[in-house]
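Chemist: Single-letter residue listing:
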Amino acid sequence: MNQSTLLRSTLLTLMIVLAVALPQAVFAESPSTGKRVITDMLGRKVEIPDPLTRVALFGGPTGQIAYILGARDQLCAVSKALKASEMLNRFDPTIRDLPAPRGASGTINVEDLMLSEAQLVIAGDLDASIVEKKTHIPVAYLESDMRRGLDLLKDEIRFYGTVFRKQARAEKYIAYLEDTVALIQSRTRDLPREQRKVVYNGYGPNRLVTLAGDSFMNERIELAGCRNAAAPIVTGGKKEGLHVGLVEVSMEQVLFWNPDIMVIDFGEPGRLFQEAKWKTMKAVQNRSVYKEPVGIFIWNRPTAESAVLHPLWLAKLAYPDRFKDIDLREEVKKFYRQMMSFDLTDGEADALLNADFDVKFGPLQRKGNK
Amino acid sequence: MTVVIAIVSLMVGQAGIHPYEILRILLSKLFSMERTWSQTIEAVIFDVRVPRLLAGLLVGAGLSVAGASFQGLFRNPLVSPHILGVSAGAGFGAAVAILFFGNIILVQVFSFIFGLAAVFFTYALSRVYRTTPVLMLVLSGIIVGALFTASTSLLKYIADPVNQMPSIVFWLMGSLNNVSNGDLMVVGPLILAGIALLLSIRWRINLLTMGEEDARALGVNTELMRGLIIISATVISASAVCITGIIGWIGLVIPHIGRLLVGPDNRRLLPVAALVGASYLVTVDTLARSLAETEIPIGILTAMVGAPIFAYLLRTNRPGW
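Protein chains in written order, with the numbering used here: chain S, 10 to 379; chain D, 39 to 359.
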């Protein structure tokens, strides 16, 4: 086994060296290929070509940033999840023509990546280390930490802004984000802690998997002027095969928390109303069980779209009186129009809010409930 | 002892309800009483703790009896009810349902069906080779189990890391967290029937442990007995696994503890194993849901408690099973 691995890696290295060295050898004298050095999110210096025209973007939740920055033309490869987004396919059909060498986290088709002639790969630590080990393409590391919220997102947007030379667009998004946060807070600031609605995210078929107190979700719920039911729970770092912050809680615990609002990830909220064990929960009695909206991706991720719209959506659900003048449909249309130049119809905005868009988990299609 | 543990288990939990109040709530179902407690507390008792307790008793007893019968049938102390691939099949079924449907009822139905299917494959495969049937059963079980386990790994590999993966991981580690009264109505009778059948033929299992030829000489229809034991044990474990996920060690270790208590005679061993198994699982589940604020997967605890006991038993190396 050792021998064959050795042989394989030798062959692979040879291929890579050839693939990388040959074109460089040919174009080495070309005067237009300048270089510049960027600092990636882990503080490493990475030398990249200038101008940068072919970037492979593998960050799971951050793929959509290219649209916010107006840098779609600079992409040469993306992750499968981004390519599979129903909403994205509708507004940017050319996404179908891009190769997607990154499947699930940790699976990179190195050949496809090399064929895409990427000048730079931007990826989270696991994917990035694979690319770094197997190719000579410059790699910029993202910081993927489910514990950090908006501060990380802003760092990320600014980092992408520098890479794509779209700093102004990055600042435009951050201003939009901060305006939205300020708006929500101006409406909810005076709410005493004990009057704030308690929100419980019930994921998975048993609705008992949740994002705990040490995940970005905690900040997001707080931003919406609510309290995370699972806030006291700390998952204590990374578990084998699981992201930080994800945990299974007991049914008894959930009933004891007695949340005012429950958000589920798939299935029909109506089904919960029929199950006896949920019947005493406030969220069920008040029919305040909602399905997480799906835009480019499902909103319970640290993405750019959800950082703005998710807290607004939640705040409006929690305190309809305080957000009477906010029309979510219009807010959704405004965000995607101003930030990504996607013009959603009323019907499409409603579909997004009703989680009717398909989101593809891995290579499997989850059918929207239409 | 089982009764005492059951009562203590009802009293303990994260919600921290006073035991006296719990007693009153329970009695209020029998006598009319003034309500001094909230709806939530009553729901916690009747919709969460009671079904959990009953499931713990049933599953603990069922897996232990099934394990003891299998150990007798295969004449091997290392055999557990999962030896024929039932849990591997059930795990695969559950992962398929989590990935494609995300509906709790389908997760249970799929795990039950795939659990049974896995054992059916094992049995069919063992019939292909016309040599020592018991050995072939075990080997076929390993083959089928490996196939399903690998398939489950494949599904985990393509699952979404936030909305699907955790459900699969937690399901595979086992938990009584998902049990509802409705589940018990369906699965409870199946487990009870399986236990009853095994208990009613337990003296014949004794004969089987003497070896197939001897048993046949004594007039036992070994083929039929083997079929009956496999079917009952499989129905028990598939039913258990579909509401609780995979709980290991119980079916392997409890029969040995039973043997320490009453010796290897299956006539006495099976009932004792049932009681010990029920007490053990309820105790461990009580720990699982009250030790920490989050749910500790019970599969982890049963193994962590069961493994040292098993190691000790191996050291003492008592003969006869």
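Hints in this document: simulated from the structure, not taken from any laboratory. Check the hints yourself; a few may be wrong.
[Stated by the list, open to error] A partial selection of chain S residues facing chain D, derived with a Cβ cut-off under 8 Å: (1) Leu124; (2) Tyr150; (3) Glu152; (4) Arg156; (5) Pro214; (6) Leu217; (7) Val258; (8) Glu261; (9) Leu264; (10) Asn267; (11) Gly279; (12) Leu281; (13) Phe282.
[As the list claims (entries may be wrong)] Label-pair restraints from in silico Cβ distances: (14) S/Gln204 <-> D/Leu329: 54 to 62 Å; (15) D/Leu185 <-> S/Gly52: 22 to 30 Å; (16) S/Asn363 <-> D/Phe138: 20 to 28 Å; (17) D/Phe138 <-> S/Asp330: 24 to 32 Å; (18) S/Glu284 <-> D/Leu185: 32 to 40 Å; (19) S/Glu152 <-> D/Leu329: 49 to 57 Å; (20) D/Leu185 <-> S/Ala285: 49 to 57 Å; (21) D/Ala231 <-> S/Arg296: 37 to 45 Å; (22) S/Ser138 <-> D/Ser191: 15 to 23 Å.
Cβ atoms here follow ideal geometry from the backbone N, Cα and C, with glycine treated the same way.
Chemist: Go through the numbered hints given earlier and state which of them the structure violates, listing their numbers in rising order.
Modeler: The structure breaks hints 1, 2, 3, 4, 11, 12, 13, 14, 15, 17, 19 and 20; every other hint is satisfied.
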